[in-house]
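We have chain S already, so just place chain R on it with the hints.
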Amino acid sequence: MAVSEQSLTGNRGDGFSAIPADARPLAIEARGLVKSFDGTRAVDGVDISVPEGAIYGILGPNGAGKTTTLRMLLGIIDPDEGVRRVFGHDRPHDIGRLIGYLPEERGLYPAMKCVEAIAFMGALRGLPLKEGRKRAVELLERHGLGYAADRQIRQLSKGMAQTVQLLGTLVHQPRLVVLDEPFSGLDAINQGKLELMIRALADEGVTVIFSTHVIHHAERLCEGVAIIAGGKVPYAGSVEAARDRIPAQVRLETRAREGAWLAALPRDTRRNGDFFQFPLPETGVEPLLRQLIEGEAGILSLSIERAGLHDAFVAIAGEAAARQLEADAAEGRA
Amino acid sequence: MSIDLTIRPRLSALEAAWVIARRDFVAVLFSRAFLFFLLGPLFPVIVGGLAGAIGGEVQREAVSVEIGLAMSEADNAAMIEAGKRLTPQLGGALPSLREVPEAKGDPAFDARAFMEARRGNYAAILTGTLASPQLVGTEGQVRRWQGPVGLLAGHATSAEPTTFPEVASAVVTTSAAAERSSRIQTAQVAQMLLFLLTMLLAGMVLSNLVEEKANKIIEILAAAIPMDAVFMGKLFAMLAVSFVGIGVWGLAAYGFWTVGSDAITAASGFDIARLPAPAVGWPLFLALGVIYFAMAYLLLGALFLTIGAMANTVREVQTLSMPVTMMQLMVFFLAAYTIKQPGSGLELAAIVFPLSSPFAMLARAAMEPSLWTHALALAWQGLAVLALVKGGAVLFRKRVMKSGGAGRAPRNGGRRGWFARRTSGTAEPAE
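Protein sequence lines correspond, in order, to chains S and R. All residue numbers for the first sequence refer to my numbering, where the first residue is 1 and numbers rise by one. All residue numbers for the second sequence refer to my numbering, where the first residue is 1001 and numbers rise by one.
Isolated chain S (complex conformation) (with noise of 0.2 angstroms):
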């Protein structure tokens, strides 16, 4: 399996993700994870290195071996091979303490109070409960859920649930923050917010890693991206990385529609209603362009487009795995 590990160079404003990634120590080290499920193999030797502070996306349609591969990672399972670090230890349950994680599927306690859900969340993880149930306020209060304070779960709306449950993960104050799938289930406006969280989660240093099959969560959010697909990780570095292996694509409008400047196109143009359509020649487009205006095509207009991360899932995971993923994507909007 190829596995490239470009430099995961910060592109926030703060200090520490400034720092090169591959200067940073990593938060999570992982190296040839198996995993099979009745003889089937849900991960296939997976790498994945994500540097402390990185907001880090594991991108890949459902069944993919995204959960299975946070599951190993947070050592609720352990693999059947290979290893995994979390700051350095290859047990997780001995950092407890520096982990926050939130699972795809949602559980909470029905008959406990927000409260006192947020502060048995912070007690697993090492922290008092008196200081759990007085951060849980605040938390609460902070996200508009100070109300809700002493209801409940199960007289919640879903919505809200998932806040408490994400609060809950937090709590704690943790250094790493697993999310499996945190967008699922959302609105636009919660989904908003939770881009919001953790963004300030990443400004404060803390490393967040979260599944998504959801392109664009992790091209607006993640510095590294691991794509996955059918249990194999074909790509894991940064996402401008990801985005450099598609070359950019030239739009090009004229007001002729034949002559010799045709022959003048790169040969793999595509023509797409009025426009062509075509990677970015090596040479640039100034040649190109000499020989547009001398053959007299009309240029109406002509503009380079960087390749988004969609177009790079395309080229590394295929166009199956790519079809998968919108239309998991579509489902979750549904």
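Do not rely on the hints blindly, as some may be mistaken.
What the hints assert, rightly or not - In silico contact screen, one side only, chain R against chain S (beta carbon under 10 angstroms); selected entries:
| no. | residue |
| --- | --- |
| 1 | ALA1016 |
| 2 | ARG1023 |
| 3 | GLU1212 |
| 4 | ILE1225 |
| 5 | PRO1226 |
| 6 | GLY1345 |
| 7 | ARG1397 |
These aren't lab readings, by the way, just hints derived from the structure by calculation. These figures come from a predicted structure and were not determined experimentally. Where is the CB? At the ideal position from N, CA and C, for every residue including glycine.
Coordinates of chain R only, in the frame set by chain S:
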């Protein structure tokens, strides 16, 4: 920036278990289901108590406790006649009087031997004459009936007595053989009580993990703390809950006993005051009873927790209940069977087999005064609890969570889990 691990980076296994135990204990204790659970066994007791009280009231008016008469035929008749005369005024304060058939026409009748052989069903036997009666019985019974018997003897002598004869007493002392035989009774009662309590309470553990699995909380627990700490916490929470249950039932039973011990004795034929003292003495026996209950509960509970953890729904738990109940019965029968075979290989097997060990050892406490065997048995049972919890957690991780066996290297010279050193210092530098 590097991560500061000078703060304690994890909970110890016991601390983690405590977090789980505290949550579960409070959640169960304040649930409506627990209230019904508590009240459940009280309903038959209340109904039985009421029925017993009504029946006992009638009984108390008619007959209270029987004193056997083994005097001359004329004296016996006079005593019975006096009893009939005084009962309307004194009612339950007087014993019921009945001639001992075995003493009739037998001048050599030995009341003491008769009592020691535990023949008949008399509280005591009255011998001698009306002028100098003698009451033969256990110390408690003699003390209880000496006065009323003197009163009856006085009225049997004269319709309007001015003096009452002194009632001599002969306290029955049991022989070593009779003592052993009588202690079997205590052992049986104790075993039965232990069995009923574990049967009633340990079943709660079966469905214990279903809630976590149904609510998807198990993932959060498993991510935060080791699975054996989850198991241990749940087990001890349910043990604490069961102590609350026993406390409530014990108080209720004490209340009923205080209010209507005569009626209960009359209705059930069981008098706890007449239960022979256990070999280790009552205080120690009661303490051992509590400890062995805890051990029986933890052992059975650990097994149930593992079995129950494999179930996904309450229905599956219900299906599992039957074989589990059968197993409980078999364990009890094994221990009960060995009561009358002290020192036999079978008794040793019942003591060694962890699940029957608390039952067999409690019976032993009733019969044998030595204490070192209890220390040994408790250590053994404690080890078995740890092994079962550890095994259950491993099984849960393998079968339910489908965990593999790689991902980490041995540390601390191979010591892991409960015996491992707590991680204390800074993280190893990441490569």
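Review point. With 10 angstroms as the cut and Cβ atoms as the points, is R/GLY1345 at the interface with chain S?
Key: violated, 43 angstroms
Practice item. Mind checking the CB of R/ARG1023 against every CB in chain S and telling me if the closest is under 10 angstroms? Key: holds, 6 angstroms
Review point. Holds or violated: is the Cβ of R/PRO1226 closer than 10 angstroms to a Cβ in chain S?
Key: holds, 6 angstroms
Exercise for review: Hold the hint about R/GLU1212 up to the distance rule: shortest CB distance to chain S must be less than 10 angstroms.
Suggested key: holds, 8 angstroms
Check your understanding: How about R/ARG1397: closest beta carbon in chain S under 10 angstroms, or not?
Key -> Since chain S brings a Cβ to about 7 angstroms from R/ARG1397, closer than 10 angstroms, the hint holds.
Practice item. With a cut-off of 10 angstroms on the beta carbons, see whether R/ILE1225 makes it to chain S. Key: R/ILE1225 check passes; min Cβ-Cβ to chain S is 6 angstroms, inside 10 angstroms.
Review point. Holds or violated: is there a CB of chain S closer than 10 angstroms to the CB of R/ALA1016?
Key: Where the cut-off is 10 angstroms and the nearest Cβ of chain S is about 7 angstroms from R/ALA1016, the hint holds.
Hint compliance for this structure: hint 6 is the single one not met.
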